[in-house]
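Enquirer: Chain by chain, the residues:
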Amino acid sequence: MAEQRIDEPTGTQTVGHEWDGIEELDTPMPRWWLWTLYATIIWGIGYTVFYPAWPMIEQATKGALGWSSREQLAAEMDAAAEEKAPLTLAIAQIPIERLPEDSRLLAAAVEGGRAAFKVNCVQCHGAGAAGSTGYPNLNDDDWLWGGDLKAIHTTLEHGIREPGNDATRMSQMPAFGRDGLLTRTEIEDVVSHVQVIAGARKADASARRGAALFETNCAACHGPAGKGDRTQGAPNLTDAIWLYGGDRASLVETVSNARYGIMPSWSNRLDPVTVKMLAAYVHSLGGGEEFVPEDDSAEAADAAGKTPDPVEQNVQPR
Amino acid sequence: MSSLADLTDHEVNRFFEARKKVFPREVDGPFRRFKWAIMAVTLAIYYVTPWLRWDRGPHAPDQAVLVDIEGRRFFMFQIEIWPHEFYYVAGLLIMAALGLFLVTSAVGRAWCGYACPQTVWTDLFMHIERLVDGGRRDQFKLDAEPWGAKKLAKRLTKWTLWLLVAMATGGAWIFYFADAPTLARDFVTGEAAGVAYATVGILTATTFIFGGFLREQVCIYMCPWPRIQTALMDDKSLLVTYKYWRGEPRTRGVKRAAKQVDDAAELMPQGDCIDCLACVAVCPTGVDIREGPQIGCITCGLCIDACDEVMRRIDRPEKLIGYTTVEDEKLAVEGKHPRPPLERLLRPRTLVYFAVWGAIGLAMLFALGNRSRIELDAGQTRNPLYITLSDGDVRNGYTLKLRNMQARPRRFTVALQGLEDYEMWDDRMPREDAGATLTLDVPADAVLRRTVYVAAPATGEDKERILFTTRAADDEGGEAIAETFFNRPGDRP
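Taken in sequence, the protein lines are chains D and G.
Position one of the first sequence corresponds to residue 0 (numbering that gives the first Met the number 0), numbered consecutively onward.
Position one of the second sequence corresponds to residue 0 (numbering that gives the first Met the number 0), numbered consecutively onward.
Extracted from the complex, chain D is given alone in its bound form:
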């Protein structure tokens, strides 16, 4: 241990240590550095007073300013909603079938629907809306209950076969096998006929027997030609799309035990604007059909009279 001394060339005091003749100068911290350090300490104390900081037994101190990250998030969400308010209002006011008249509104609705779909619909219909067995593919051009904007919107609003909902899309196919309406052979014959009209099989004796059975048992819902009926969600049996599979075993299973797919009603889970947006998104996936108004429907005319003109409502200040 050497003594503390003044180093002559530099005029600085040494720290008093010496290692093999090497000594260290006790150079003081630069003033600006020290003042910065003191300033950060004062800042730090002030920060813990004004903001939530010190952990207590129950929760941390609240801070003099009463700031919390939850409130900040809520405020930001409110601000975002307010920013979108004119658009939201316009979508709320326009009847769903008239949405395509305003391309800006339609684009906004499709994008909003895309986001809502990822949260609410992908669990059954898949991320690409391609569905799976029992869950319809929303990209294709085949619609059980109708594929125009209004029909899709109604389906979303009220769901399909939702228990306890009077407005829901309702229909039920009899379980021809389970309930003893048809024998096993008869079911096989009906399936043969269905495969024939679907173009998957050549007409034979079994199919000819099935045709007669189809006429009496199936045509009421699926139509005499098997083209289906959208008012009761009866699928078109002549196309290439099979919700539960188009192979023989699947068809026999369907006819024997029937199918009863359920979609919940979304109007009591989501706000009306989100439901409209979802309808717009599903309609935009490639299979959407054009809305054809029913002229003779007094109900529709009545509704149109009550609703304010959407095109004018639609022009909102930004």
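Hints were generated in silico from the structure; no laboratory data involved.
As the structure is a computational prediction, the values presented were derived from the model and not from experiment.
All C-beta atoms in this analysis are idealised placements derived from N, C-alpha and C, irrespective of residue type, glycine included.
Keep in mind that the hints are not guaranteed to be accurate.
As the list claims (entries may be wrong) - One-sided and incomplete, this derived list gives chain G residues near chain D with beta-carbon spacing under 7 Å:
hint : residue
1    : Asn382
2    : Pro383
3    : Ile386
4    : Thr387
5    : Leu388
6    : Ser389
7    : Gly391
8    : Tyr452
We have chain D; now place chain G onto it with these hints.
Expert: Chain G in isolation, oriented as in the chain D frame:
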């Protein structure tokens, strides 16, 4: 410096050298006049360029040089560069770097001495200083004076003038990034974007500080270029050199130099340098060139002008200080003639730099001349990859991005190759209107994004390579191709 005397003197050593104030004397001569010319040309280019107009029709800006960051376009006369063509700008930067290498290897730090903005603006600021404070002697005196009304008035005048120049510098910069006349009007009326004011503010501050106060310290301590240049120079690069073999030993004063001829009997050899310090007095970075090549020397040649003036006065040959190479220096010391300049300039190093520089330039010109102004991208929809339609056909979805990089709206027809019996339609029309081609109208200088559907019979390969082709449906024509795939369900359930 750290001799024994220093240590025993009990004087305190400083770790950092304080800046020695530099008050360069004004000088006239060919190099000074060359510097004026370069300053005039560079400043004129800088200030005038954004105001040049260039007619591109109604769909593109009419500013000759415009970096449109908001619209993501770079305009330079007839060349328009889109963001994905940024490699042209990278090529220009590489050419600029190679150009500097070439210049440095041939003529040394010419960039530093004449063209560098730091040099040009410092030079400008020094002239303003002379205008307000007077010459070198007056500047010394004023600096030593205590602060009083006169000194304050002079300082405030000088700083105000500097600030005006600095604001003009920063002010001109922003015009490269927006329509100059519009921006100038908005800037004055306070309607320009905040970033414009911030940019002008920052550039004003940096110009004021760098040109007015930091000056040669930027070159000596801050700029990496002097260090890089050391590696780029060799013994054939030009350097401002004090020809010590002529100048040494120095004589003190003109009289003794004149006496030299008479006192031949003195037998003391007398050099041409009379130690008048004219070269030191005019140096903008405050170095003594007679100490040899050094980092502070930006090779501006002002000491050459100053020394030549003295040499003429005392009737000695000029260029006691002059541009010389290390190689020529050796030859001169041995009493030989220097090599001819052309032989020095045309050496492998400079030729290789020039060849690479020229090759990149030619390649870029060729690429620019042949580049297509139509581009097509086809992105296949991945989820789902394919859809079975009710008639049994398979549908694939694609996002087409059609770039019309010309400043006029154009019509394009899109067709498909590699798929049989296909139908194509887009999300603006029902499938009933599908056909073998699509017609798309793309606005001027824009990208059209369109969802396109292709349907084909389910029989065929699981995955087929297809080509979207597009052709401009006007007289000029032109086409673009995008490769993608068509997928079918195949064996999967």
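Enquirer: Each hint needs a verdict: does it hold in this structure or not?
Expert: Hint-by-hint comparison with the structure:
Restraint check, asparagine 382 of chain G versus chain D: the minimum CB separation of about 3 Å is within 7 Å; hint holds. Satisfaction of the interface hint for proline 383 of chain G is found here, the shortest Cβ-Cβ separation to chain D being roughly 4 Å, below the 7 Å cut-off. About 5 Å separates the beta-carbon of isoleucine 386 of chain G from the nearest beta-carbon of chain D, less than 7 Å, and the hint is met. For threonine 387 of chain G, the shortest C-beta to C-beta distance to chain D is roughly 6 Å, which falls under 7 Å, so the interface hint holds.
Below 7 Å, beta-carbon pairs count as interface contacts, and leucine 388 of chain G has one with chain D at about 5 Å; its hint therefore holds. Proximity of serine 389 of chain G to chain D holds as hinted, the smallest CB-CB distance being about 4 Å (cut-off 7 Å). At a threshold of 7 Å, the smallest CB-CB gap from glycine 391 of chain G to chain D is about 4 Å, leaving the interface hint in force. Interface restraint check: tyrosine 452 of chain G against chain D, minimum CB-CB distance 6 Å, threshold 7 Å, status holds.
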